[in-house]
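Participant: Assemble the whole structure, with the sequences as input and the hints as a guide.
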Amino acid sequence: MKWLWLAISVLAGTFGDLMTARGMAEHREIEDFGARGLARILRHIGTHREVIAGMVFNSISFFSLMALLSVSEVSFAIPAGASSYVIKAALARWYLGEHLNAKRWLGAVCVAIGIALIAF
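The working numbering numbers the first residue of the sequence shown as 1243 and each following residue consecutively.
The hints are simulated quantities; they were obtained by calculation from the structure and are not laboratory data.
Careful, some of the hints might be misleading.
What the hints assert, rightly or not - Keeping only pairs whose Cα atoms sit at most 25 Å apart, straight-line, the calculated SDA-like set for lysine to any residue is:
no. : residue 1 : residue 2
1   : K1244     : E1340
2   : K1330     : L1246
3   : K1244     : A1358
4   : K1345     : L1253
5   : K1345     : G1323
6   : K1330     : H1341
7   : K1244     : I1302
8   : K1244     : E1271
9   : K1330     : A1281
10  : K1244     : D1259
11  : K1244     : I1287
12  : K1244     : R1291
13  : K1244     : H1341
14  : K1244     : K1345
15  : K1330     : R1270
16  : K1330     : I1287
17  : K1330     : I1250
18  : K1345     : L1359
19  : K1330     : I1360
20  : K1330     : E1340
21  : K1244     : T1289
22  : K1345     : S1312
23  : K1244     : A1263
24  : K1345     : G1356
25  : K1330     : M1243
26  : K1244     : G1339
27  : K1330     : G1265
28  : K1244     : I1329
29  : K1330     : R1282
30  : K1330     : E1271
31  : K1330     : C1352
32  : K1330     : F1305
33  : K1345     : A1263
34  : K1330     : A1277
35  : K1330     : I1320
36  : K1244     : G1356
37  : K1244     : V1328
38  : K1244     : R1270
39  : K1330     : A1295
Facilitator: Okay, here's the thing in structure tokens:
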């Protein structure tokens, strides 16, 4: 059961972060932290479909992480959950069109190696 909760947590968190990032990228940079600026960003967050979907996926990820922690040790759950970083790096390239240099790919590979050492 722990592998199912881990998969749900990782995938939901990955989709949540990617969708939120894409939705927020459509909003211009936040420079006004006054009442009007905060109202504008809250309106964007509350009405943008991708941002809302991202929040829903991140909520699913959070609750599945809680379920994972109820059936496994934290020393497994948290490092194994870091596999989302590897998936996010790959999908950021495809879904968000981000450029990932060799240093970022090397970082993702190091994370993957660490996960393999802990999980297996």
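Participant: Confirm or reject each hint.
Facilitator: Against the structure, the hints come out as follows:
In summary, the hint linking K1244 to E1340 is not supported, as the alpha carbons are separated by about 32 Å, beyond the 25 Å threshold. For the suggested pair K1330 and L1246, the alpha carbons sit about 19 Å apart, so the restraint of at most 25 Å is met. For the given pair, K1244 sits about 16 Å from A1358 by alpha-carbon distance, which is consistent with the 25 Å threshold. For the suggested pair K1345 and L1253, the alpha carbons sit about 24 Å apart, so the restraint of at most 25 Å is met.
For the given pair, K1345 sits about 22 Å from G1323 by alpha-carbon distance, which is consistent with the 25 Å threshold. Taking the CA atoms of K1330 and H1341, the gap is near 13 Å; set against the 25 Å cutoff, the hint holds. Taking the CA atoms of K1244 and I1302, the gap is near 15 Å; set against the 25 Å cutoff, the hint holds. Distance check on the hinted pair: K1244 and E1271 sit about 40 Å apart at the alpha-carbon level, beyond 25 Å; violated.
In summary, the hint linking K1330 to A1281 is not supported, as the alpha carbons are separated by about 30 Å, beyond the 25 Å threshold. Distance restraint check for K1244 and D1259: the Cα-Cα separation of roughly 22 Å lies within the 25 Å cut-off, and the hinted pair is therefore satisfied. Between K1244 and I1287, the direct Cα distance comes to roughly 33 Å. Violation of the 25 Å bound is thereby established for this hinted pair. Taking the CA atoms of K1244 and R1291, the gap is near 31 Å; set against the 25 Å cutoff, the hint is violated.
About 34 Å separates the Cα atoms of K1244 and H1341, which puts this hinted pair outside 25 Å; it is violated. With a CA separation close to 32 Å, the supplied pair K1244 and K1345 exceeds the 25 Å bound. Taken as a hint, the K1330 and R1270 pair is honoured in the structure, with Cα atoms around 23 Å apart against an allowance of 25 Å. As the CA atoms of K1330 and I1287 are separated by approximately 21 Å, the hinted pair is consistent with the 25 Å bound.
With a CA separation close to 14 Å, the supplied pair K1330 and I1250 stays within the 25 Å bound. A threshold of 25 Å between alpha carbons decides the hint, and for K1345 with L1359 the separation of about 21 Å falls inside it, so the pair holds. Distance restraint check for K1330 and I1360: the Cα-Cα separation of roughly 20 Å lies within the 25 Å cut-off, and the hinted pair is therefore satisfied. At roughly 11 Å between alpha-carbon atoms, K1330 and E1340 fall within 25 Å of each other, so this suggested pair holds.
Distance hint between K1244 and T1289 is unfulfilled; the C-alpha atoms sit about 35 Å from each other, more than 25 Å. For the hint linking K1345 to S1312, the alpha-carbon distance of about 36 Å lies beyond 25 Å, and the restraint is violated. Between K1244 and A1263 the CA atoms are separated by roughly 28 Å; this puts the pair beyond 25 Å, and the hint is violated. Of the supplied pair hints, the one linking K1345 and G1356 holds, its CA atoms being roughly 17 Å apart against a limit of 25 Å.
The hinted pair formed by K1330 and M1243 meets the criterion: a straight-line CA distance of about 24 Å does not exceed 25 Å. The suggested pairing of K1244 with G1339 is violated, with an alpha-carbon distance near 33 Å, which exceeds 25 Å. Of the pairs offered as hints, the one joining K1330 and G1265 holds, with about 16 Å between alpha carbons and a cut-off of 25 Å not exceeded. For the hint pairing K1244 with I1329, the CA-to-CA distance comes to about 19 Å; that is within 25 Å, so the pair holds.
In summary, the hint linking K1330 to R1282 is not supported, as the alpha carbons are separated by about 28 Å, beyond the 25 Å threshold. As the CA atoms of K1330 and E1271 are separated by approximately 22 Å, the hinted pair is consistent with the 25 Å bound. Proposed proximity of K1330 and C1352 is supported: the alpha carbons are some 14 Å apart, at most 25 Å. The suggested pairing of K1330 with F1305 holds, with an alpha-carbon distance near 20 Å, which does not exceed 25 Å.
Distance hint between K1345 and A1263 is fulfilled; the C-alpha atoms sit about 21 Å from each other, no more than 25 Å. For the hint linking K1330 to A1277, the alpha-carbon distance of about 34 Å lies beyond 25 Å, and the restraint is violated. Between K1330 and I1320, the direct Cα distance comes to roughly 16 Å. Compliance with the 25 Å bound is thereby established for this hinted pair. With a CA separation close to 19 Å, the supplied pair K1244 and G1356 stays within the 25 Å bound.
About 20 Å separates the Cα atoms of K1244 and V1328, which keeps this hinted pair within 25 Å; it holds. As the CA atoms of K1244 and R1270 are separated by approximately 40 Å, the hinted pair breaks the 25 Å bound. For the suggested pair K1330 and A1295, the alpha carbons sit about 17 Å apart, so the restraint of at most 25 Å is met.
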